[in-house]
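A.B. asks: Taken in order, these protein sequences are the chains called A and B.
Everything in the first sequence is counted per the numbering used here, starting at 1 for the first residue and increasing by one.
Everything in the second sequence is counted per the numbering used here, starting at 1 for the first residue and increasing by one.
What the hints contain is simulated information worked out from the structure, not anything from laboratory work.
For each residue, glycine too, the CB sits at the ideal point set by N, CA and C.
No false leads were slipped in.
Stretch by stretch, here's where chain A covers chain B in the computed footprint (C-beta under 8 Å, at least three residues):
#1 15-24
#2 34-42
#3 71-80
#4 89-101
Some chain A residues near chain B, calculated using beta-carbon distances under 10 Å:
#5 A47
#6 R115
#7 I118
#8 F124
#9 Q131
#10 G142
#11 S149
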Amino acid sequence: MTDDEAPDPGLHFGNLISAYTEAIRLSDFKANLTVLFVAIMMGPVIASRDKYPHFLTLPLILTPFFIAFFCLLMCVFPRFPRRGRQNFLVVRNPKASDFTFSDKAESDIDQLKLRCAILSGILFWKTLFLQISFFVCLFTVGVTFILLSYSLLTTIF
Amino acid sequence: MAQEASAYYRNQIAAYTDTIRISDFKANVAVIYGAFTIGPVMSFADKFPPFLPLTAVLLPFVVVFFCLLVCLYPRYPRRGRANFLIKPNASPKEFRSPTNHAVTLEQQQLLCVILCNILYWKTICLRISFAIYIMGTLAAAALIVYSFV
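Based on the sequences and whatever the hints tell you, model everything.
C.D. replies: Pasting the structure below:
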């Protein structure tokens, strides 16, 4: 094999699909555990609401939690886009004839490309929702750090 | 030669992705551990020694959560987007197979660079948070021993 030879497109798109599915799986795993983290943190945060400064009302404290929950649940929401249904049936009563084998290599490559496009779309929305929820969590943690530091400094001095 | 180089980069990429996956798993478990620990710590706030206010105890937790969330933040750098499209309505036509092996090797090399950078930041954040956890655990153990003496 030399540098000028074109690599096997089937192998290339197969690898790309593996990379997409791996990234999607990792996003789902992160979202699942982050929703658990946010749910666990909600208890102590609400329980100690009487210790907060007067301007931090309960609805204000709960807002980031709800935004994070919404985004994380949207991230783990199962999606099977319509344009991929032809090759990946999700129906109530499938028949054996719904699953047909095609021996055309060209159509195989087109299918692989379509699957790449579908997985790219799924990963886009998952990443967007995950980034929003992580941003909300990071922002809230940053604000908490500032408030705790201020409280600690006023206690010491 | 091209095949050997490709195999080398493929192994490097596999090693990086595996290490990144393990780092993410550790960060996920550590963030859940922190969330579980913070509740009992807050409920025992009235039993802390007078020189240790609750805010001082909570600050390390907040730093750890920040580092762990930065570690877990999903990243797909722009320079790698040409080979790994992330678009809401991507067309199958946008996915093209490399024209020759030199291009494949270039793509693999770029992926190694990107993964190396991602792993670097993940490791930094993970090390900071684990160091804080370890120091916090030792401090808690020392305080418990002190209270018994």
